[in-house]
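> Start from the sequences and build out the full structure, keeping to the hints where you can.
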Amino acid sequence: MNAIIALGLRFLLLLLAYAFVGWIGFLIYQDLKNTRSTGINIEVPTLSLSTQIKKEPVTKQFHNPEIIIGRDPTSDFPVLDEAISLQHCRLFFQQRHWWIEDLDSTNGTFVNEDPVETPVVLVKGDGIRLGRMHIDVNIHE
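Residue numbers (this note's numbering): 1 to 141.
By construction, these hints were calculated from the structure, which means they are not laboratory data.
We treat Cβ as the ideally placed atom computed from N, Cα and C, and that holds for glycine.
Careful, some of the hints might be misleading.
[Unchecked claim] Per label pair, the in silico range of CB-to-CB distance: (1) Thr106 x Pro73: 15 to 25 angstroms; (2) His63 x Leu15: 49 to 59 angstroms; (3) Lys55 x Gln94: 30 to 40 angstroms; (4) Leu16 x Leu103: 46 to 56 angstroms; (5) Glu117 x His63: 24 to 34 angstroms; (6) Leu16 x Asp136: 55 to 65 angstroms; (7) Leu9 x Pro45: 28 to 38 angstroms; (8) Gln30 x Glu117: 39 to 49 angstroms; (9) Asp76 x Asn34: 27 to 37 angstroms; (10) Ser48 x Pro119: 17 to 27 angstroms; (11) Ser48 x Gln87: 12 to 22 angstroms; (12) Gln30 x Lys55: 54 to 64 angstroms.
So this is what it looks like as structure tokens:
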């Protein structure tokens, strides 16, 4: 008799586990369906980069979610400085924040004089240093 009760309890526990996993799957499905139908669309805030090139102030605004800064003429923010790599760093919008990431540059990337070793969140008023160049960051929310 004890074996029958133990088997019944095991079966009930297995049934409850499958019901729990099914319920979680159903809730995830409903959440995804609601998110898609409401059309949640996160807008990328404008990012302004300001610097001086040959003693002339240069400011450029970006609306795209990824920006490459480097010496390469095809970069989004091309810089003619031998201390800067062809593709020096990448700025990208993710999780509602602007981030900066060093792209294995020779001389490194610095935010407020701290080296960027992993992606770092940028805030309004941060300063980026690439080689000898200083770039001011302005985020328009």
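> Would you mind marking each hint as holding or not holding in the structure?
So, going through the hints one by one against the coordinates:
no. : hint                               : in the structure
1   : Thr106 x Pro73: 15 to 25 angstroms : holds (18 angstroms)
2   : His63 x Leu15: 49 to 59 angstroms  : holds (53 angstroms)
3   : Lys55 x Gln94: 30 to 40 angstroms  : holds (35 angstroms)
4   : Leu16 x Leu103: 46 to 56 angstroms : holds (51 angstroms)
5   : Glu117 x His63: 24 to 34 angstroms : holds (28 angstroms)
6   : Leu16 x Asp136: 55 to 65 angstroms : holds (59 angstroms)
7   : Leu9 x Pro45: 28 to 38 angstroms   : violated (56 angstroms)
8   : Gln30 x Glu117: 39 to 49 angstroms : holds (40 angstroms)
9   : Asp76 x Asn34: 27 to 37 angstroms  : holds (35 angstroms)
10  : Ser48 x Pro119: 17 to 27 angstroms : holds (20 angstroms)
11  : Ser48 x Gln87: 12 to 22 angstroms  : holds (21 angstroms)
12  : Gln30 x Lys55: 54 to 64 angstroms  : holds (59 angstroms)
Violated hint for the displayed structure: number 7, the only one.
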